[in-house]
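Keeping their order, the protein sequence lines are chains A and B.
Going by our numbering, the first residue of the first sequence is number 82, and it counts up by one from there.
Going by our numbering, the first residue of the second sequence is number 6, and it counts up by one from there.
Everything labelled a hint here was simulated from the structure, so no lab data went into it.
Please note that the accuracy of each hint is not assured.
With a straight-line Cα cutoff of 25 Å, these simulated BS3-like cross-link-like pairs (lysine-lysine) come out [claimed, not checked]:
hint: 1; chain 1: B; residue 1: 40; chain 2: A; residue 2: 402
hint: 2; chain 1: A; residue 1: 169; chain 2: B; residue 2: 40
hint: 3; chain 1: A; residue 1: 326; chain 2: B; residue 2: 175
hint: 4; chain 1: A; residue 1: 412; chain 2: A; residue 2: 324
hint: 5; chain 1: A; residue 1: 412; chain 2: A; residue 2: 169
hint: 6; chain 1: A; residue 1: 536; chain 2: A; residue 2: 402
hint: 7; chain 1: A; residue 1: 169; chain 2: B; residue 2: 175
hint: 8; chain 1: B; residue 1: 153; chain 2: A; residue 2: 324
All values derive from a computational prediction rather than experimental measurement.
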Amino acid sequence: MSEKKIPSELGTQPVGKLLKQYALPSIIAMLASSLYNIVDSIFIGHGVDALALSGLAVTFPLMNISTAFGAMVGMGSSTLISVKLGQKDYGTAQSILGNAVVMNILMGVIFAAISLIFLDPILYFFGASEATISYARDYMVIILLGNVITHMYFGFNALLRAMGHPKMAMKATIATVLINTVLDPLLIFETIDLGFVEFSGAGWGIRGAAIATVAAQCISLVWQVRVMSDKRELLHFRRGIYKLKSYIVREVLTIGLPPCLMNLASCFVVIFINRGLTSYGGDYAVGAYGIVHKMTFIFVMIVMGFQQAMQPIAGYNYGAKAYDRVTKVLKITIALATGVTTLAFVVGEFFPEYVARIFTSDAKMIEMAMVGMRYNCLLFPIVGFQMVTGSFFQSIAQPGKAIFLSLSRQLLFLVPFIIIFPHFWGINGVWISLPASDFVSAIITTVLLTNYFRKHKM
Amino acid sequence: MNQFIITIGRQLGSGGLRIANLLAQHYGITAYDRKVIEMAAQESGLSAEFFENADEKKWHGFFHAIFSNRAAANALGSNENYLSNDALFKIQSDTIRDLAERESCIFVGRCADYILRDHPCHINLFFTADLADRVARIAEEKGISEEKAAEFIEKTDRRRADYYNYYSGKTWGAAESYDLCINTSHLGIEGTVEILKKYIELRVKN
Chain A
82 MSEKKIPSEL
92 GTQPVGKLLK
102 QYALPSIIAM
112 LASSLYNIVD
122 SIFIGHGVDA
132 LALSGLAVTF
142 PLMNISTAFG
152 AMVGMGSSTL
162 ISVKLGQKDY
172 GTAQSILGNA
182 VVMNILMGVI
192 FAAISLIFLD
202 PILYFFGASE
212 ATISYARDYM
222 VIILLGNVIT
232 HMYFGFNALL
242 RAMGHPKMAM
252 KATIATVLIN
262 TVLDPLLIFE
272 TIDLGFVEFS
282 GAGWGIRGAA
292 IATVAAQCIS
302 LVWQVRVMSD
312 KRELLHFRRG
322 IYKLKSYIVR
332 EVLTIGLPPC
342 LMNLASCFVV
352 IFINRGLTSY
362 GGDYAVGAYG
372 IVHKMTFIFV
382 MIVMGFQQAM
392 QPIAGYNYGA
402 KAYDRVTKVL
412 KITIALATGV
422 TTLAFVVGEF
432 FPEYVARIFT
442 SDAKMIEMAM
452 VGMRYNCLLF
462 PIVGFQMVTG
472 SFFQSIAQPG
482 KAIFLSLSRQ
492 LLFLVPFIII
502 FPHFWGINGV
512 WISLPASDFV
522 SAIITTVLLT
532 NYFRKHKM
Chain B
6 MNQFIITIGR
16 QLGSGGLRIA
26 NLLAQHYGIT
36 AYDRKVIEMA
46 AQESGLSAEF
56 FENADEKKWH
66 GFFHAIFSNR
76 AAANALGSNE
86 NYLSNDALFK
96 IQSDTIRDLA
106 ERESCIFVGR
116 CADYILRDHP
126 CHINLFFTAD
136 LADRVARIAE
146 EKGISEEKAA
156 EFIEKTDRRR
166 ADYYNYYSGK
176 TWGAAESYDL
186 CINTSHLGIE
196 GTVEILKKYI
206 ELRVKN
């Protein structure tokens, strides 16, 4: 008998208990990967200066585009590998591993080369100014030189998960965050004062942050390669798996393209926001948005952890037509997510100054970040509901609605708002666009969800 | 006779299912077509309609890809979706493997030839027929016009090819993917079955 894939507990155990059991690991994973983004900003904000934060903020879309292309290979190859492993087709799975390595290298080199050639125009287009471009450029040149390492690191993490080693992938993520956190101050600051002992750092400023990022990934990559070179592993590196096969390349890219496009869409929005903020509020506003974005990101990631935990439970029970259990897990998840986003609301509305101070000590930027945070978090209590419902539709095999809801909050309404509102309210118009988009998409979400409940009357 | 497995790939309207049933009757074994779906549904506890929707389908076209189940799962960052086509394929192939271990039987479609590629006595067949014959057969079976039938055939075969190529990594309908490919137009259904009996007996003996 072949082993069964679905754990039977999904249909029998109390959903609350299941959710708790599934949520913890995914929340930890989400938090670890979000911290990764935040650590650099904190050290740069304090170790360099406030404008460096703005420089960093304009590089994020470019870094996200790189991630999007990396994820194309990563998602595609790991999905295909799990399908092949499910069929015990180890030969093909092995080839996919080798092909993924080659594709990651090609993708990483090509992306880095093109971006380096056109770096300045790209950064200006993304919202850089004369004052911030040098920071953005210094940071990005090093990040792009290490682009292949970044792609390999993320790609191998996805492959490790697909190979049945989610814990190893998690270890690599946490190790990278820790190494980066230790290296950041050592490389950024001139002197490091720990209170009881003082010593000198490399003093490379924003370049140091970029080097720390690449170095941390490089160290984790070496470890990943060692794990995947172990001959006892079902899948490991060996000769003869690196020759590109048209079947593998085609399927990897086909599977990877949609997630890549979703990522690109969200970069596109950040570019719009950054450009809007630069033209109406100047460089400080972009840096302030960077802070606001990072603060909300943590809460959003926790909600996504709950979503990921809900999906197998809701999906299985919907498939088994146990609609009461589906409703129950949806309600609990919405309640938990609403709790998280309400907490974000409280922090953003009542303690924005404390948050801003984590990133910078510049009075002007703190003030702008406070304004931005207050606007951005205004309707956060309803965001949890919106996000969870979107992923709920995904888990019950209605992907069209899921993607529509995800795009409605982050793209469909946000972009027109950002274009129109500033004409009336200037910089505040950009900020208002964020809660306005939350509001409209929450209404749409309510309509779709009401419809669902009407169809599945209890 | 020793235990054996026959897997059948077929162009729509080539008579593959009828051949499967005639062979099953002759050997006193079961031909599994859509029945696999019901069994997979029963074993997994999931409703059969999800398997029906994913049946011999992958996706085609760019927009379909964006809105396909798998795409959403990937785009929104989760693989653990038990209603995704890949997950359903895994469940279905477990059912096929279990059946193949228990008894001699025939599987029609569903990538069974790939799923059972390591089975010691596995006969892997593919049927084609001239387009005119296929169109005539489908038009009659479904009571639709020949034009509609031709369109339906083209769509179904493209879907089958996508599904097969994705999951097996081989090419649907290419001779190298199978042991024996026969155009049923020349000998008709009964004639083809006669040839096959000979072939199967020789194979199973060895």
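These are the hints, each one checked on the structure:
1. B:40 x A:402: 20 Å, holds
2. A:169 x B:40: Since the Cα atoms of residue 169 (chain A) and residue 40 (chain B) sit roughly 24 Å apart, the hinted pair holds (cutoff 25 Å).
3. A:326 x B:175: 12 Å, holds
4. A:412 x A:324: Answer violated: residue 412 (chain A) to residue 324 (chain A) is near 49 Å, above 25 Å.
5. A:412 x A:169: 38 Å, violated
6. A:536 x A:402: 13 Å, holds
7. A:169 x B:175: Holds - the C-alpha atoms of residue 175 (chain B) and residue 169 (chain A) are around 16 Å apart, at most 25 Å.
8. B:153 x A:324: 43 Å, violated
Against the hints set out earlier in the document, violations occur for numbers 4, 5, 8.
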